[in-house]
Amino acid sequence: ELKVEQNPLFLSMQEGKNYTIYCNYSTTSDRLYWYRQDPGKSLESLFVLLSNGAVKQEGRLMASLDTKARLSTLHITAAVHDLSATYFCAVDKGAQKLVFGQGTRLTINP
Amino acid sequence: DVKVTQSSRYLVKRTGEKVFLECVQDMDHENMFWYRQDPGLGLRLIYFSYDVKMKEKGDIPEGYSVSREKKERFSLILESASTNQTSMYLCAGLDGVRGYTFGSGTRLTVV
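These protein sequence lines map, in sequence, to chains A and B. FYI, the working numbering numbers position 107 of the first sequence as 107, with every residue one higher than the one before it. FYI, the working numbering numbers position 78 of the second sequence as 78, with every residue one higher than the one before it.
Bound conformation, chain A alone:
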């Protein structure tokens, strides 16, 4: 059974700092997604990572995938308050069905 674990689950950081959210998964998969969710809102797609070594960047966020280590990272560079949200990773377990991590609640303080 595929399990997806994120850490940390809660992260409070100051503006301008860098940090990384980790997503580990238990069985082989070549497709991983990152989503952002604001309070009371739905999930917004951030990145789709389709192969080993894939790296994608948008603004202050960068995501990478290591399928051999079964690990994805979401790196935040020089955080700003607008990035405060909950971030989810999700792994394709086959037939386009996703298993989600628990989510990381990120709070960025001025």
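Where hints are given, some of them may not hold.
[What the hints assert, rightly or not] Here are the simulated EDC-like pairs of lysine to aspartate or glutamate, each with C-alpha atoms no more than 16 Å apart in a straight line:
#: 1; chain 1: A; residue 1: Lys41; chain 2: A; residue 2: Asp82
#: 2; chain 1: A; residue 1: Lys97; chain 2: B; residue 2: Glu69
#: 3; chain 1: A; residue 1: Lys97; chain 2: B; residue 2: Asp95
#: 4; chain 1: B; residue 1: Lys18; chain 2: B; residue 2: Glu62
#: 5; chain 1: A; residue 1: Lys3; chain 2: B; residue 2: Asp59
#: 6; chain 1: B; residue 1: Lys3; chain 2: B; residue 2: Asp28
#: 7; chain 1: A; residue 1: Lys97; chain 2: B; residue 2: Glu30
#: 8; chain 1: B; residue 1: Lys55; chain 2: B; residue 2: Glu30
#: 9; chain 1: A; residue 1: Lys93; chain 2: B; residue 2: Asp59
#: 10; chain 1: B; residue 1: Lys18; chain 2: B; residue 2: Glu30
#: 11; chain 1: B; residue 1: Lys53; chain 2: B; residue 2: Glu69
#: 12; chain 1: A; residue 1: Lys68; chain 2: A; residue 2: Asp30
#: 13; chain 1: B; residue 1: Lys71; chain 2: B; residue 2: Asp38
#: 14; chain 1: A; residue 1: Lys93; chain 2: A; residue 2: Glu15
#: 15; chain 1: A; residue 1: Lys41; chain 2: A; residue 2: Asp30
#: 16; chain 1: A; residue 1: Lys93; chain 2: B; residue 2: Glu56
#: 17; chain 1: A; residue 1: Lys97; chain 2: B; residue 2: Asp59
#: 18; chain 1: A; residue 1: Lys56; chain 2: A; residue 2: Asp82
#: 19; chain 1: B; residue 1: Lys53; chain 2: B; residue 2: Glu30
#: 20; chain 1: B; residue 1: Lys3; chain 2: A; residue 2: Glu44
#: 21; chain 1: A; residue 1: Lys93; chain 2: A; residue 2: Glu1
#: 22; chain 1: B; residue 1: Lys53; chain 2: B; residue 2: Glu72
#: 23; chain 1: A; residue 1: Lys3; chain 2: A; residue 2: Asp30
#: 24; chain 1: A; residue 1: Lys97; chain 2: B; residue 2: Glu17
#: 25; chain 1: B; residue 1: Lys55; chain 2: B; residue 2: Glu72
#: 26; chain 1: B; residue 1: Lys3; chain 2: B; residue 2: Glu17
#: 27; chain 1: B; residue 1: Lys3; chain 2: B; residue 2: Asp26
#: 28; chain 1: B; residue 1: Lys18; chain 2: B; residue 2: Asp28
#: 29; chain 1: B; residue 1: Lys55; chain 2: B; residue 2: Asp38
#: 30; chain 1: A; residue 1: Lys41; chain 2: B; residue 2: Glu56
[Stated by the list, open to error] Estimated spans, in silico, between C-beta atoms of each pair:
#: 31; chain 1: B; residue 1: Pro39; chain 2: A; residue 2: Met13; range: 18 to 26 Å
#: 32; chain 1: A; residue 1: Lys17; chain 2: B; residue 2: Glu79; range: 44 to 52 Å
#: 33; chain 1: B; residue 1: Tyr50; chain 2: A; residue 2: Ala69; range: 25 to 33 Å
#: 34; chain 1: A; residue 1: Lys17; chain 2: B; residue 2: Tyr50; range: 29 to 37 Å
#: 35; chain 1: A; residue 1: Ser51; chain 2: B; residue 2: Val12; range: 27 to 35 Å
#: 36; chain 1: A; residue 1: His81; chain 2: B; residue 2: Val12; range: 29 to 37 Å
#: 37; chain 1: B; residue 1: Arg9; chain 2: A; residue 2: Leu50; range: 28 to 36 Å
#: 38; chain 1: A; residue 1: Asn109; chain 2: B; residue 2: Arg107; range: 25 to 33 Å
#: 39; chain 1: A; residue 1: Arg60; chain 2: B; residue 2: Arg44; range: 26 to 34 Å
#: 40; chain 1: A; residue 1: Ala78; chain 2: B; residue 2: Arg73; range: 37 to 45 Å
Rather than coming from a laboratory, the hints here were simulated on the basis of the structure. Beta carbons are placed, not taken as given, at the ideal position from N, Cα and C, and that holds for glycine.
Here the structure of chain A is known, so what remains is to put chain B in place on it, guided by the hints.
Leaving out everything else, chain B in the frame of chain A:
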């Protein structure tokens, strides 16, 4: 952009009621999904559908059923609502470029 629309943002229902959650997508794709979201548990797949009149159980189908009579509409049905089905329900369509596109969610409270 693909749009996935859920008809209700908030619903309050009584225990034992039959509840319908509606989801409509404007893409011409076959794949649609229903998830529920609970604090600390992330999202869990209830049911999905790859085509009209086709449905498959997800990880937590108990107490739920679905209907897919038209490609654009995928309904989640709670046959007899119970308090443990109080949750946020999210419908999603599959976009081949960006992956899933989620609807705005329905927060259901069963009292």
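A quick look at each hint next to the structure:
1. A:Lys41 - A:Asp82: Cα-Cα ~15 Å, so holds.
2. A:Lys97 - B:Glu69: With Cα atoms ~21 Å apart, Lys97 of chain A and Glu69 of chain B exceed 16 Å; violated.
3. A:Lys97 - B:Asp95: Roughly 13 Å between the alpha carbons, so the hint for Lys97 of chain A and Asp95 of chain B holds.
4. B:Lys18 - B:Glu62: The given pair, whose Cα atoms are some 14 Å apart, holds under the 16 Å limit.
5. A:Lys3 - B:Asp59: holds (12 Å)
6. B:Lys3 - B:Asp28: With a Cα-Cα distance of about 11 Å, the restraint between Lys3 of chain B and Asp28 of chain B holds, given a limit of 16 Å.
7. A:Lys97 - B:Glu30: Given that 16 Å is the threshold and the Cα spacing comes to 14 Å, the pair holds.
8. B:Lys55 - B:Glu30: The hint holds at about 11 Å.
9. A:Lys93 - B:Asp59: Distance ~12 Å between Lys93 of chain A and Asp59 of chain B Cα, so the pair holds.
10. B:Lys18 - B:Glu30: violated (26 Å)
11. B:Lys53 - B:Glu69: OK: Lys53 of chain B and Glu69 of chain B at ~6 Å, within 16 Å.
12. A:Lys68 - A:Asp30: holds (10 Å)
13. B:Lys71 - B:Asp38: Roughly 28 Å between the alpha carbons, so the hint for Lys71 of chain B and Asp38 of chain B is violated.
14. A:Lys93 - A:Glu15: Measuring from Cα to Cα gives roughly 36 Å; hence the hint is violated.
15. A:Lys41 - A:Asp30: Answer violated: Lys41 of chain A to Asp30 of chain A is near 28 Å, above 16 Å.
16. A:Lys93 - B:Glu56: holds (15 Å)
17. A:Lys97 - B:Asp59: holds (10 Å)
18. A:Lys56 - A:Asp82: violated (20 Å)
19. B:Lys53 - B:Glu30: holds (11 Å)
20. B:Lys3 - A:Glu44: Holds, at roughly 12 Å.
21. A:Lys93 - A:Glu1: holds (9 Å)
22. B:Lys53 - B:Glu72: holds (12 Å)
23. A:Lys3 - A:Asp30: holds (15 Å)
24. A:Lys97 - B:Glu17: violated (29 Å)
25. B:Lys55 - B:Glu72: Satisfied, since the Cα-Cα distance of roughly 14 Å is no more than 16 Å.
26. B:Lys3 - B:Glu17: violated (29 Å)
27. B:Lys3 - B:Asp26: Given pair Lys3 of chain B, Asp26 of chain B holds - Cα atoms ~6 Å apart, limit 16 Å.
28. B:Lys18 - B:Asp28: With a Cα-Cα distance of about 29 Å, the restraint between Lys18 of chain B and Asp28 of chain B is violated, given a limit of 16 Å.
29. B:Lys55 - B:Asp38: With a Cα-Cα distance of about 23 Å, the restraint between Lys55 of chain B and Asp38 of chain B is violated, given a limit of 16 Å.
30. A:Lys41 - B:Glu56: Given that 16 Å is the threshold and the Cα spacing comes to 27 Å, the pair is violated.
31. B:Pro39 - A:Met13: 18 to 26 Å: holds (21 Å)
32. A:Lys17 - B:Glu79: 44 to 52 Å: holds (49 Å)
33. B:Tyr50 - A:Ala69: 25 to 33 Å: Holds, since Tyr50 of chain B and Ala69 of chain A (Cβ atoms, about 31 Å apart) stay within the stated range.
34. A:Lys17 - B:Tyr50: 29 to 37 Å: violated (44 Å)
35. A:Ser51 - B:Val12: 27 to 35 Å: violated (45 Å)
36. A:His81 - B:Val12: 29 to 37 Å: Taking Cβ atoms as reference, His81 of chain A and Val12 of chain B lie about 34 Å apart, which means the hint holds.
37. B:Arg9 - A:Leu50: 28 to 36 Å: The hint (28 to 36 Å, Cβ to Cβ) holds, given that Arg9 of chain B and Leu50 of chain A are roughly 33 Å apart.
38. A:Asn109 - B:Arg107: 25 to 33 Å: Given range 25 to 33 Å: holds, Cβ gap about 28 Å.
39. A:Arg60 - B:Arg44: 26 to 34 Å: Since Arg60 of chain A and Arg44 of chain B have Cβ atoms about 30 Å apart, the given range 26 to 34 Å holds.
40. A:Ala78 - B:Arg73: 37 to 45 Å: 44 Å Cβ-Cβ, so the 37 to 45 Å window holds.
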